[in-house]
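Chains R and S are the protein sequences, given in the same order.
586 is the number that our numbering gives to position 586 of the first sequence; each next residue is one higher, with no gaps.
Add 617 to a position in the second sequence, counting from 1, and you land on the number used in our numbering.
Derived from the structure by calculation, the hints contain no laboratory data.
Among these hints, one or two may not hold up.
Have a look at the derived ranges for each label pair, beta carbon to beta carbon [claimed, not checked]: (1) R/467 to S/665: 40 to 46 Å; (2) S/814 to R/437: 28 to 34 Å; (3) S/772 to R/459: 48 to 54 Å; (4) R/418 to S/772: 41 to 47 Å; (5) S/772 to R/585: 40 to 46 Å; (6) R/585 to S/793: 24 to 30 Å; (7) S/659 to R/522: 31 to 37 Å.
Away from chain R, derived, C-beta distances all over 10 Å, residues of chain S [what the hints assert, rightly or not]: (8) 622; (9) 629; (10) 635; (11) 636; (12) 639; (13) 665; (14) 705; (15) 707; (16) 727; (17) 730; (18) 744; (19) 776; (20) 789; (21) 797; (22) 810; (23) 830.
Keep in mind the model is a prediction, meaning the values are calculated, not measured.
Don't be surprised by glycine CBs; every beta carbon is placed ideally from N, CA and C.
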Amino acid sequence: MAHPGFPGCAAATDVPASPEMSRRAASVATAGVTLFAFATLVLHGASGAPTSFLFAEAVTGMTFVVAGLVAAWYRPTIPAGPILLACGALWYVGGYAPIGRPVLAELGFAFEGYYDLALGFLLLLLTALGGGLRSLSLIAALAAVMAARTVGRLLFLDPPALGPGYPPNPFALFADQPTADGLEVLSNLAMAVLFILVGAVGVRRLMADGVVARRARRPIIAAGVLAMGGAAFRAAEYAWATATGTLLVDLPDPAHEVFQWSLFVLRTLVPIAFVAGVLRTRGEAGVLAPLAASLGTTAGSGDVPTEGSAFRGMSLGDAARRVLGDPSLVLVRARQAGTWVSEAGLPVDPPRTVGDRWTTLIGTPDTPVGAFVHDRALLDHPELLEGVVAVVRLALENERLDAALQAQLDEVVASRARIVAATEEERRRLERDLHDGAQQRLVVAMLALQEARSLAAASEAPPDLAVRLDALAEELTAATRELRELARGIHPAILEHEGLGAAITGLARRASIPVEVRLDIERRLPPVVESTAYFTVAEALTNTQRYAGASHAMVHVADTGHGLEIEVTDDGIGGADPGRGTGLRGLGDRMHALGGELQVRDGHDHGTTVSARIPIA
Amino acid sequence: MSELRVVVADDSVVVRRGVSRILAEGGFEIVAEAGDADEMLALVSALRPHLVVTDIRMPPGTSGGLGAALEIRRLHPAVGVLVLSQYLEPDYAIRLLGRGVDRVGYLLKERLSDAQELLDAARRITAGGSAIDPAVVDELVRARRRDDHISRLTDRERQALALIAEGHSNRAIAERLGITIKTLEGMSSAIFAKLGLEDDPDRNRRVLAVLMYLDDPM
Numbered sequence: 001m002a003h004p005g006f007p008g009c010a011a012a013t014d015v016p017a018s019p020e021m022s023r024r025a026a027s028v029a030t031a032g033v034t035l036f037a038f039a040t041l042v043l044h045g046a047s048g049a050p051t052s053f054l055f056a057e058a059v060t061g062m063t064f065v066v067a068g069l070v071a072a073w074y075r076p077t078i079p080a081g082p083i084l085l086a087c088g089a090l091w092y093v094g095g096y097a098p099i100g101r102p103v104l105a106e107l108g109f110a111f112e113g114y115y116d117l118a119l120g121f122l123l124l125l126l127t128a129l130g131g132g133l134r135s136l137s138l139i140a141a142l143a144a145v146m147a148a149r150t151v152g153r154l155l156f157l158d159p160p161a162l163g164p165g166y167p168p169n170p171f172a173l174f175a176d177q178p179t180a181d182g183l184e185v186l187s188n189l190a191m192a193v194l195f196i197l198v199g200a201v202g203v204r205r206l207m208a209d210g211v212v213a214r215r216a217r218r219p220i221i222a223a224g225v226l227a228m229g230g231a232a233f234r235a236a237e238y239a240w241a242t243a244t245g246t247l248l249v250d251l252p253d254p255a256h257e258v259f260q261w262s263l264f265v266l267r268t269l270v271p272i273a274f275v276a277g278v279l280r281t282r283g284e285a286g287v288l289a290p291l292a293a294s295l296g297t298t299a300g301s302g303d304v305p306t307e308g309s310a311f312r313g314m315s316l317g318d319a320a321r322r323v324l325g326d327p328s329l330v331l332v333r334a335r336q337a338g339t340w341v342s343e344a345g346l347p348v349d350p351p352r353t354v355g356d357r358w359t360t361l362i363g364t365p366d367t368p369v370g371a372f373v374h375d376r377a378l379l380d381h382p383e384l385l386e387g388v389v390a391v392v393r394l395a396l397e398n399e400r401l402d403a404a405l406q407a408q409l410d411e412v413v414a415s416r417a418r419i420v421a422a423t424e425e426e427r428r429r430l431e432r433d434l435h436d437g438a439q440q441r442l443v444v445a446m447l448a449l450q451e452a453r454s455l456a457a458a459s460e461a462p463p464d465l466a467v468r469l470d471a472l473a474e475e476l477t478a479a480t481r482e483l484r485e486l487a488r489g490i491h492p493a494i495l496e497h498e499g500l501g502a503a504i505t506g507l508a509r510r511a512s513i514p515v516e517v518r519l520d521i522e523r524r525l526p527p528v529v530e531s532t533a534y535f536t537v538a539e540a541l542t543n544t545q546r547y548a549g550a551s552h553a554m555v556h557v558a559d560t561g562h563g564l565e566i567e568v569t570d571d572g573i574g575g576a577d578p579g580r581g582t583g584l585r586g587l588g589d590r591m592h593a594l595g596g597e598l599q600v601r602d603g604h605d606h607g608t609t610v611s612a613r614i615p616i617a
Numbered sequence: 618m619s620e621l622r623v624v625v626a627d628d629s630v631v632v633r634r635g636v637s638r639i640l641a642e643g644g645f646e647i648v649a650e651a652g653d654a655d656e657m658l659a660l661v662s663a664l665r666p667h668l669v670v671t672d673i674r675m676p677p678g679t680s681g682g683l684g685a686a687l688e689i690r691r692l693h694p695a696v697g698v699l700v701l702s703q704y705l706e707p708d709y710a711i712r713l714l715g716r717g718v719d720r721v722g723y724l725l726k727e728r729l730s731d732a733q734e735l736l737d738a739a740r741r742i743t744a745g746g747s748a749i750d751p752a753v754v755d756e757l758v759r760a761r762r763r764d765d766h767i768s769r770l771t772d773r774e775r776q777a778l779a780l781i782a783e784g785h786s787n788r789a790i791a792e793r794l795g796i797t798i799k800t801l802e803g804m805s806s807a808i809f810a811k812l813g814l815e816d817d818p819d820r821n822r823r824v825l826a827v828l829m830y831l832d833d834p835m
């Protein structure tokens, strides 16, 4: 089931706001026109009209009515439905002319032919060449001329030219045969010219056609052009007959009969072509499946390619141009900030409908994700356009989500790196504070103690005092030692002063098993890199000594120019699981935060290898 | 012989005064005190003292003391340098030694709780020798326990090796170990033989040989 009123496609439009309302109105109007047609036909029948006339009359009018209903139902975005329904009603108005009843016949004769005016209007609407103004002036001129003919027929013509034996025209307030004839001839001549001009507009449209999508409109326009030809011919015939009293084309039967039937067919061509066009484009949404399937493969979303997709690697804009058959189509994307960017990513003005360049918003009118600026002719394919808009909307929303996700990810990565750097700075600060604060105070205390000891030695102090002072000195020394180890564990000063090599050599020295160290570092590296590498080696060696039962370990640290590669191997029994305990896992997290990685290969009986790589920015 | 003249440098006034007091009571003459590395360098250039006692951690930065000490070692080889450090890192000591152990010392600050240790180190340095903190030497010795040569030493021999590395005189070592100098000389010949080192009669070169041996990674 089509929903021409889908959200996002109804913006920037000058047609009835609610398709449901226009459908209801169209249904009511259809019922009304049908009743009117029925009444007219009953009157005809009662007047003894021949069956062939009744048939032609019924079929012609009802064709317009049915086409109007179909158009109103499936094409609520263009006013084709109301116009076609009006055509049907106007057709039956004209039908009262030969009915042979006073008043009704005069009115019918005066208002005969207006459906051609409506048809011309529809044709110009569908071609919409060169903007609306010129087309409207043509229709306005046509309407004015037809009104003049109506005035002539209604107010000046008496008796009506409806055949012999007609009663006087009750509306003929200014009955005057020469004026009536003059108006009839002039207005019909002008009408013939104007109908030809309207037809010419349609012909120009047919010739200028470049948009694939407009092909669906071609039969309708062609039919409209033919109908305009027929209308021009009838107007010319009226002028001719009024001026000369003879027929313009006087054919003997049965040629005359054939000619009349041809005119009848001509009139019904437009509604028939219109219904055919609607029915044809109804099935177009089928091409959406491959487009939807290819969404993952179109540029910009970069997903797994779909096998056999016709749109693989295409940009979203190219895919839309291809599916919609409008090479002039432009896809603009709406940014969250309310600005718009072109397919190339450059800032552009907000899209607007200008002339034939129609704008269809993608997304809700309040928060669009993008828009198509396309040929107005695409409105003939609402199901297709609606489908493409829906698919592209998904793609654009995906793009937005991807971008938002990527931005979030970037932010998380950046903030993780900042956190690691801040932690590093914090550790260093802590180490400095310990040395300059607590440790310094301990040294001062030791000096004071030393002074006390020499005083005690020089005086008559009890021997106990010297012993207690000695014990105190030992305590102070032990406290200094512990504080020193604590500070080194937080952040070794030698790492800051002498670099990674000296710090790792120190680690190896203090290890409980022999550790072979190979260093290929010729320069100082960023502090966060040095400390991460240092703590990785320290943690790996700690694990080796604690759990692996190894007799020997090897540390290799190499600066490759763009990164630091670290490898710590031992000959133990393994057991260094990065998922176990927080040591290696925490270091792995630190590595990731710096864009590096940490791997632990547990060779069980063949020792453990901890390898890591830290990029150097 | 005139008194041994000393410059004491530490960014903490209290520590500076404490160190100066110990040295003064021990018979050294304190000719100047400095609060940062630059001041110390200027004073040493001007006064040419026998000894500079400096904190390793001094402005500028957090390693100005060590840098200035190295600078003095380079510019004024006759000036003894004793670095007081809170870092048990042999690398600092090894760097300070450079190519010789003449008139140089690296002592952990915790030794300040015993005046004699500081004075002993100061005297050894001004006498042309060296004073490496026992804890630093111990770390070097323990790091070498993987070495077959070291494991061949007896505990007593290892003690003697450490004392040699610390820069003590033969007499001091013999006293500490409670043996005669003759016995010690025999023991050190055995130690050097076991380590595959050439026994050098020059004390400083002997110390250096031992320290370099200990620091050699493998």
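Evaluated hints:
The supplied range of 40 to 46 Å is met by residue 467 of chain R and residue 665 of chain S, whose beta-carbon atoms lie about 43 Å from each other. Between residue 814 of chain S and residue 437 of chain R the beta carbons are some 43 Å apart, a value that contradicts the proposed interval 28 to 34 Å. Between residue 772 of chain S and residue 459 of chain R the CB atoms are about 40 Å apart, so this pair departs from the stated range of 48 to 54 Å. A hinted range of 41 to 47 Å is violated for the C-beta pair residue 418 of chain R and residue 772 of chain S, which are about 53 Å apart.
One distance hint, 40 to 46 Å for the beta-carbon pair residue 772 of chain S and residue 585 of chain R, holds here, with the actual separation near 42 Å. The given range of 24 to 30 Å is broken by residue 585 of chain R and residue 793 of chain S, whose C-beta atoms sit roughly 49 Å from each other. Remark: the range hint 31 to 37 Å for residue 659 of chain S to residue 522 of chain R is upheld by a beta-carbon distance near 34 Å. Non-interface call for residue 622 of chain S relative to chain R: holds, since the shortest CB-CB distance, roughly 22 Å, exceeds 10 Å.
Residue-level check failed: residue 629 of chain S sits 6 Å from the nearest beta carbon of chain R, not beyond 10 Å. Here residue 635 of chain S does not stay apart from chain R, with its beta-carbon only about 3 Å from theirs, under the 10 Å limit. Residue-level check failed: residue 636 of chain S sits 7 Å from the nearest beta carbon of chain R, not beyond 10 Å. With a closest Cβ-Cβ approach of about 7 Å to chain R, residue 639 of chain S is found to fall inside the 10 Å limit, against its non-interface label.
For residue 665 of chain S, the shortest C-beta to C-beta distance to chain R comes to about 27 Å, beyond the 10 Å cut-off, and the non-interface label holds. With a minimum CB-CB distance of about 6 Å to chain R, residue 705 of chain S fails to clear the 10 Å threshold, and the non-interface call is violated. With a least beta-carbon separation of about 7 Å from chain R, residue 707 of chain S fails to lie farther than 10 Å from that chain, contradicting its non-interface assignment. Non-interface call for residue 727 of chain S relative to chain R: violated, since the shortest CB-CB distance, roughly 4 Å, does not exceed 10 Å.
The claim that residue 730 of chain S is not at the interface with chain R is violated, since a C-beta of that chain comes within 10 Å of its own (minimum 4 Å). Distance check on residue 744 of chain S: its Cβ is at least 23 Å (rounded) from any Cβ of chain R, clearing the 10 Å threshold; non-interface status holds. Residue-level check passed: residue 776 of chain S sits 20 Å from the nearest beta carbon of chain R, beyond 10 Å. Chain R leaves residue 789 of chain S outside its interface by the beta-carbon criterion, the shortest separation being 21 Å against a cut-off of 10 Å.
With a closest Cβ-Cβ approach of about 30 Å to chain R, residue 797 of chain S is found to remain outside the 10 Å limit, as its non-interface label requires. No beta-carbon of chain R is positioned within 10 Å of the beta-carbon of residue 810 of chain S; the least distance is around 23 Å. The Cβ of residue 830 of chain S sits about 14 Å from the closest Cβ of chain R, beyond the 10 Å cut-off, so the non-interface label holds.
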